[in-house]
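> The chain contents come next:
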Amino acid sequence: MVREVRGAMQSNPNRDVEADCIRRIQAGEKHLFHELIRPCEKPVYFLLLSILRNETDAEDAAQETAIKVYRNLHQFRGESQFRTWVLSIARNEGLARLRKTESRREDSLDAMTEDSGDFTPAILTSWREVPSEELERQEVRTLIRQAIDGLPEIYRNVMLLRDIEEMDVRETATALEISEGAVKVRLHRARALMQRSLAPKLKGFALERKKLFGWFK
Amino acid sequence: MRIDCKHVWEHISAYIDGDVDVSLRAEIDKHLETCEICSAVLDSTRNVVVLVADDRVFELPAGFSERLHARLDREIAFEDDSTPP
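These protein sequences, in sequence, are chains A and B. The numbering of the first sequence is our numbering, which starts it at 18 and goes up by one. The numbering of the second sequence is our numbering, which starts it at 2 and goes up by one.
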């Protein structure tokens with residue numbers, strides 16, 4: 018039975034499947050909560066890591082988030098997607114922890130103005146594609162992670178949800194409690210900053226060298 | 002009106018997402034035909050977006066999922082124990 022639900026959750030993460038799963042959990046099939054929360058684990062952890070900047074704290078906050086979601090499942094009204102609701106609980110958990118430890122930096126979140134920073138892209142005269150196969154290299158993965166880590170938090174959070182979790186503009190706006198316009202502006206800036214920081218570093222991993230192996234067509 | 006490079010850059014993210022209106026898209030496409038710099042900026046931005054989205058970039062710490070579900074199991078068991086029959 019668990020496998021059936023897991024398959025359904027992964028291949029068809031729609032509201033009907035979620036709603037059915039939630040009903041069954043509330044009717045006593047509590048073990049199904051594991052499968053309900055599983056697709057949310059990754060975005061919850063990385064959103065919390067983005068907010069807290071510490072792996073141990075992010076993992077602890079992710080566990081606490083999952084427990085809060087379980088305890089408050091009856092409050093989920095289905096007005097947004099389940100994942101969106103879970104992510105807003107995660108975000109609140111992260112922000113509450115920051116406030117408690119008073120480690121919130123001046124330049125983060127609310128204190129950060131939308132207009133600060135230079136979003137001019139890296140100027141290039143040509144670009145050869147860096148194929149996804151290059152991600153097999155640890156150094157390429159590290160370069161990308163470092164670039165994301167280097168983004169201001171408000172831009173990083175939007176990029177996490179829009180480009181990595183592939184949430185739509187509306188879901189992202191709901192989870193982060195910002196306007197849809199702000200999601201678009203922040204995503205644009207995140208992508209511009211990423212292009213500026215990464216394009217010069219990734220150039221060396223472009224397709225050209227593969228010509229030697231006859232892969233280039 | 003012919004748009005300049007800066008104007009194209011301002012719309013690159015929306016262009017990638019297909020979130021620009023028909024006339025602006027046509028203007029940008031026309032600009033891209035003759036501007037090597039904007040073509041390279043667009044291609045590199047799109048490439049970065051594809052690479053960032055790859056599952057291999059963001060991997061959960063080893064054992065994360067096991068620890069999370071073990072804690073949930075304890076929570077569920079605790080709730081069962083404390084629920085009156």
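There may be inaccurate statements among the hints.
To be verified - Simulated crosslink set (EDC-like; lysine to aspartate or glutamate; CA at most 16 Å straight-line):
id, chain 1, residue 1, chain 2, residue 2
1, A, Lys59, B, Asp81
2, A, Lys59, A, Glu182
3, B, Lys7, A, Asp135
4, A, Lys47, B, Asp81
5, A, Lys59, B, Asp55
6, A, Lys201, B, Glu67
7, A, Lys85, B, Asp74
Treat the hints as calculated values from the structure; they're not laboratory data. All of these numbers come straight from a predicted model, not from anything done at the bench.
> Next step is simple, just say for each hint if it's right about the structure.
Results of checking the hints against the structure:
no., hint, in the structure
1, Lys59(A) x Asp81(B), "violated, 28 Å"
2, Lys59(A) x Glu182(A), "holds, 9 Å"
3, Lys7(B) x Asp135(A), "holds, 13 Å"
4, Lys47(A) x Asp81(B), "holds, 10 Å"
5, Lys59(A) x Asp55(B), "holds, 13 Å"
6, Lys201(A) x Glu67(B), "violated, 36 Å"
7, Lys85(A) x Asp74(B), "holds, 14 Å"
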